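Okay, here's what each chain looks like letter by letter:
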Amino acid sequence: MIDQFPALQIMVTLVAAPICVMIRNPRWSWVCAMVANTFAFLVSLVLLDKVLDDGVIRYAVGGWAAPSGIEYYIDAMNAAVLVLVSGISAVVLLYAYRSVAKSVPAEKHYLFYTAWMMCVTGLLGIVITGDAFNVFVFLEISSLSMYTLISFGQDRRALTASFRYLVLGSVGASFILIGIGFLYAATGTLNMSDLAVRIPESESQRAVLVAFSFLTMGVLIKSAVFPLHAWLPNAYTHAPVAVTAFLAGTATKVSLYVLLRFFFSVFGKDYSFGQHLLNGVLLPAAVAGFVLMSLVAIFQNDLRRMLAYSSVAQVGYIVAGFSLATQSGLTAGIVHVVNHGMVKACLFMAVGCILYRVGHVHTPSLDNLLKRMPFTCVAFIISGLGLIGVPLTVGFVSKFTLIQASLEKGWWAIAALVLLSSLMAIVYVGRVIEIMVFRRSRETGPESSGMSEAPLSMLIPLYVLVGVSLYFGINGSATLEVAGQAATYLLGGLQ
Amino acid sequence: MMNLMAPPFLYLIAALICPFLPSRWRALLLLGIPVFALMVMLAYPAGEHVVWSVVGFDLTFMRVDKLSTIFGIIFSIAALLSGLYAWHVRDTVQQVATLAYAGAAIGGVFAGDLISLFLWWEGTAVASVFLIWARRTPAATATGMRYLLIQVLSGVLLLAGLLVHYHDTGSIAFEHLGLVSTGTFLIFLSFGIKCAFPLLHNWLADAYPAATITGTVVLSAFTTKMAVYALARGYAGTEVLIYIGAVMALFPIILAVVEDDLQRVLAYSLNSQLGFMVVGVGIGSDMSISGSAAHAFCSVLYQGLLFMSVGAVVYRTGTSRASRLGGLYRTMPVTMLCCLVGAASISAVPLFSGFVSKSLILDASGYNGNYLVWLALLAASVGTVVHTSIKVPFTLFFSHDSGKRPAEAPVHMRLAMIIAAFLCVIIGVFPGLLYSLLPFSVDYHPYTFDHVLVQFQLLLFAALAFVVLKKIGLYPRTVASTMLDVDVIYRKWIPARLPLVARRVADLNASARQSALGLLGNGYGVIERLTRPGAPLARGWSVASMMFVVIVLMCAVLVLNLL
Amino acid sequence: MAMNSDKQADSGVAAGADSTGPESMAPLARYFRWTDNPASIDRFIRILSYVCVVLFLIDIVWPRYTKVPGEGLWGFYAIIGFVFFSLFVVASRFLRLFTERGADYYAPDCVDAEEYPESATEQLSHAQRPNDTLSSLGRQMLGRDTNGSGREGASS
Amino acid sequence: MSQLIGLYSYWIVIVLMMAGLYIMIARYNLVKKIIGLSLFQTSIFYLYITMSKIEGGTAPILVEDADYVYSNPLPHVLILTAIVVGVATSAVALALIVRIYESYGTIEEDELKAIEAAEPDA
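Chains as they are written, first to last, in our numbering: chain W, 1 to 495; chain G, 1001 to 1563; chain A, 2001 to 2156; chain L, 3001 to 3122.
Calculated directly from the structure, the hints in this document are not laboratory data.
Just so we're clear, the structure is a prediction, and the values are computed from it rather than from any experiment.
Heads up, the beta-carbon is just placed ideally off N, CA and C, and yes, glycines get one too.
Please note that the accuracy of each hint is not assured.
What the hints assert, rightly or not - Chain A side only, calculated, beta carbon under 10 angstroms to chain G, not exhaustive:
#, residue
1, Asp2036
2, Leu2048
3, Asp2059
4, Ile2060
5, Trp2062
6, Pro2069
7, Phe2085
8, Phe2098
9, Ser2125
Said to hold, decoys possible - Below are the DSBU-like pairs computed for lysine-lysine, each with C-alpha atoms no more than 35 angstroms apart in a straight line:
#, chain 1, residue 1, chain 2, residue 2
10, L, Lys3113, W, Lys102
11, W, Lys371, W, Lys102
12, A, Lys2067, G, Lys1066
13, W, Lys102, W, Lys269
14, L, Lys3032, L, Lys3053
15, L, Lys3053, W, Lys108
16, W, Lys269, L, Lys3053
17, W, Lys50, W, Lys371
18, L, Lys3032, W, Lys108
As the list claims (entries may be wrong) - Derived list of chain W stretches under chain G, where covered just means 3 residues or more per stretch with a C-beta under 8 angstroms from a C-beta of chain G:
#, stretch
19, 225 to 235
20, 381 to 395
21, 420 to 433
Chain W with its partners taken away, still in its complex shape (with noise of 0.2 angstroms):
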C-alpha cells in the first residue's frame, strides 16, 4: 500500500474534483473536498517521513520505468513543498467554508471546490514529478482553476485581474513549454535525473543555453519575481480572500520549487550560476524586488494589496537567497519559501476575518479592531510580527540566515538591504498594528461598538496555522534542518 502512496498523493484530489462537480450540494462538496485535501495531507507526512528515514523515493507511473516512463521522484525538498502545499490547502479549505459562504453565490460552491481541488492537484503534481514534460501539465492544470478561483471574486476588477493573469500566465508557461521542447531536442530525454545526466554531454550548448533561459524567464513569470510581478497585486487583492490566502501560501512557492529544481537539479550548480543571468539578472532584480516592492507596500490603504507587494518583495528574499548558491543561502531560500508561505496565508485568512464582519479592509478605517475583533487582531499581529522578522518569529529564522548566507558570502550590500527592508516591513506592519490598536474611532456609531469576532470555524484554522508558525519560530531548528537536507541534496546534484 504505502508504495502506491506518491500517486495517491495526486489521485484523491484530481478524483475529488469531478465528485464535486456531481455532488453539486454547496455543504456536501466542500466535504468532499475537505476529506480529500485532509487525506492528501497525511499522504504528504507518511512521504515526509519515509523521506526522512530511508532517502530519495522513486515512483514509475504505469509500471513504465523511467526515462521513457513518466517518474515521480520525491526527496526531501519537495517532499517539505508537498506537506507545506496540502497543509495550507486543507487549512485554508477549512476556513474556506464560512468565507467563500458569504462572498460567492450558493449555486457555484461546487464549482468553486472543484476548481480548488483542481488547483491542488496541478500544484501537488508539479511538486511530486521528476519529468520535465508533466511539470508543464501540472503547471498549466493548477493555473488554469487558479484563474478560476481568482474571477470568483465580488469585485469585477477580479476578472480583469484574472483575465491578466491568464494571459501572462500562459505565456511563462509557454516558455517554459518551449525551453523543455529545445532541451528535449538537445538530449532526446524529458526525465530530470536523466537530463541532469545528459546536458552536460550535449552536443548542442546553444539549445540548452536557449532552453535555459526560456525555461528561468517562464518561472519568474509564475513566481511573480519582480518585475515580472505586475498579475499578482491586483489578483491578490480581488480574488475571494480565501482564495489568495491559499494562492499566497502555496502558487508562487511551488514555482520557486520548480525553479530551484531546474536550476539545481536539471542544469545543476555550476551550470546555472556559470551563467551571465543569475548574478547579472537575477539577483539584482530580487535584490530590487524587495526593496522597491517594500516601499511601495507602505503606501497601500488596502489590506490585501499592501501583503500582495509584500509578497513580491518576500519572493525577492527567497531568489536572493537562491542566487548565492552556497549551502547556506540555498537553505535560507527554502526555509523561507515555507515560513513565508504561512506567515502570509495566516496574515491572509486574519484579512478575511476583518472582510467577513466589516466588510472591507480600507487600512485606515480599521481604527481599535483590537477592541471588537480581540482574536483576529492578535493573530495578525503575530503573523505581522513574523512577517517584519522579530525574533522568535518564523521570519527571524529565515531572515538571520538570509544575512548570515550573505555575509558567509561577503555580499555586504546585501545584508543591509535585507535590513533596510525590514525596517520598510516594521513601517507598513506597524502603521496597520498601530491603527488596529491605538486609534480611537471617530465615531463610535452602532456597527462599531461591541465585539463581532469572526465565527469559530474561521478563527480554528487561522490559530491553527498561527500556531504551527510560531511553533516553528520558536523550534527554528526543525525546519532549518530539513531545509539544509534539502540544500545539500540539490548542490549535490540528483543521485
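Mind docking chains G, A and L on chain W? Use the hints.
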C-alpha cells in the same frame, strides 16, 4: 520547566497572562511579580544557567555575577516602585508593556551571549514604545514611531555587529569585547544609541516627555541603564568612552537650563548623569566600574523619584510646563518634600545617595590622572545643581504663584515616592549597604571631613550664584518654547530640504531625458514617483505593458546568456 | 531686591484673595509659608551668605587632602561652584538666542504642542481632594473597597 | 544561405511567434489578445513537430526492413497534450471575456483601465 522560572521569563509570563486578569489583579500582579522575581534572582548561585540551544547556538539566559546582579536588583526595585506608582492605571496595554519591558531589561543584564542580548535589546524597544503610544494622541504616536525607529536601529546595528563578530571570532559570548574590529565597533555604536551618546541622544529628550505619566517613570529606569551595563560588560577601559562621557555629562546642561518642559529637563539631566557612568566605564579601574554601577543604582532611584514627583504634578494639573506652574508647595507638600530629596540626591548633597556614588567616579577619574575630565565632571556636578536640583523644585513648588491649587498626589503615588526617597536617604546614610553589592569590593569612605567640606563649598556657592543671578535678573525665566536639539536635523532641516533635493533630481531627470532622449521611455524616475499609490510601480499594469517587460527581459536574458 | 518685588507682584496678580490663606493649604505646607514672605527670604539669603563665608574661611585654616593639582588652591571648590554655575546660565542664555523657537515648532508631531490628555489625569483641586489614606489603599489592595481611589486611568 | 532557407520551418515558427507576441502587445481588444496568445502557442506546437521530423524518416510502425529511419513520435504525443491545454486556456479566457463584457460593457483594455482607475481603492 524550571528554566521558565528565570526572572526575565517570569515577567514575560506575567505579561502574557496579565490581559486575562480582572483589573485589580493586574495591578497586584505588577506589584507581586517584581518581588517574586527578585527573590528568585537572588536565589540563583553565581555562574551560567538556563542555557538553551537554539538554531545551533547555545543561548545563556542567566549569567549571574555581581555586575549583573546589582542591575537586576535595582531593575526589580524600579519595577516594584513604578508598579505601585501606577496603581491607578487600568490600561491593560500599559500594564503589559511595563511587565514586558521590565522583563526584557532584566533579561538584558542577565544575558550571557550576544544573541540573547539582542533578543532582549529589541524586546525593550518594542515593549517600551507602547508606553508612549498609550498616551493615545497623534503627537505621541509620531514620537513613538521616531523612538521605535531609533531603538530598532540600535537593535539592527547590534545584530549586524554580532554577526560580523561571530564571523570574525566564531564566538557569540558576551564578554569583554573592546573596540578592536568592525563587528565590535557596530556593537559599540548600538550600545551608544541606547546609552544616548552625544549626537545619538535626542531620542531620549524627545520620547520621555511624550510617554504617559507612569510610562515616563518606567522608561527612565531601564533602557539607558541596561546600555550602561552592556558598556561596562563589553567595553570597560575603552579610553574613548572617557571623553564621550565627559561631553555627555556637560552638554545637556545648557539645553536643560532654559527648557520649559520639566519632564524634558529631567530627561536631559538623566542624560548628563549617564555621562558620569560612561566616564566610569571608560576609566575601567575596579573603583570606577563599581562607581558606575553604584551610580546607576542610585540614579534609577533618584531620577525615578524626580520623574514621579513631576508626574504627580502632571496628574493633578495636566501640564509639566514650568511656565504654567509654580507655588504648588501649598497643596502638595509631600510631593514637594520628595522632590527635594530627589534633588538633594542628584546634586550629591552629603547624606543623600548621589553623594556616595558620584564621588566614586569623580575620585576614580582624579586618580586616573586625567585632570581635564575630572574638571569636566566637577563642572557637570555644578550643572546638575543649575538645571535640576534648583530649577525643578523651585519652579514647580515655589517661584511665582501660578494660582493653581491642585490636591495632593494620590496615596499610592505618595507611598511610591516616599519609599524611593527613603531608599535614597538610607543609601546616603549607610553607604556600606550599597558598596557590598558592587561588582568589585571597594575600600572607600565618602564621609571624610575634607570630602564633606568641599562638597558643601561646591553646592552652597552654586546656590549663592543662583541667588546672585536671580537678584541681578540674569537667571533665565522659562517661557513656553522649543529648544532646538540635534534632532532638528532629521526633523526639520532634512524634511525641509527634501523638496529642494527632489526638485534637483527632477531637473536632472528632465535634462537627462532631453539629452539621453526618450529612448528609455517612461521606465525610470524618482523612487517616490514610482511607488506612491497610482504610480507606475503601484498600480495594476495592462497586459501590454506586462508583456513588454517580459519581452525586454527575455531579450536581455538571451543576449546575456549567449554572450 | 528684584526677586522679591517680582514675587510679590506675581502672587498679587495671580493668586487673588483666598489663595495664600492658611485654610487653602495642606497642614504640612504651613511649615513652608515663610517662602512667601520677602523678609524671611532675605533672612534665608543672609544665612546662606554667612555659611558660605564660613566655608570659604575654613579653607584657609584647614589643609585639604588633594589628589589633583590645583585642587588645594584656596577656595578652589567654592570658586568652581560659583563660576561654573554662572557660566552655564550665561552660556544657555546665549545659546537661547540661536536655538529658541516657538512652542509649536515641531507641531503636530511633538507633544509640546498639545495638552496632556485630560482623561488620563485626575485634576482635582485642593478643596475637593479625595479622602484617600493609607488604610484606603490597603483596603483596595485586599479588594474590599470596590470603588477605588480615583478615576480610572487611560483605559477604554 | 541554403541553410537559412533550408530551415524555413523554423522561420515560420519565429514569424508566428513574433506575430502572436505583437498582437498581444499592440491590440487592445481582449479577444484579439487571445488570438495572439493562440498564435503564440501554435508556433510552439509547430516547433515541436518540426524537431521530430527526420528527413527520409517514416512513422514508427514495425516494418520488414530493419534499417528504416523513424521520425520521433514522442513530440507529437506531447503536443497533443499541449494542444488540449491550449484549447482549455482559450476557453477559460473567452469565458472570462464574456463575463468582463457583461460587467463592464466593453472588452477594450484601454477603456477597462480607465473604468478601473475611476473605481475607489484602485
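> Which numbered hints are broken by the structure, listed smallest first?
Replying inline: 4, 13, 15, 17
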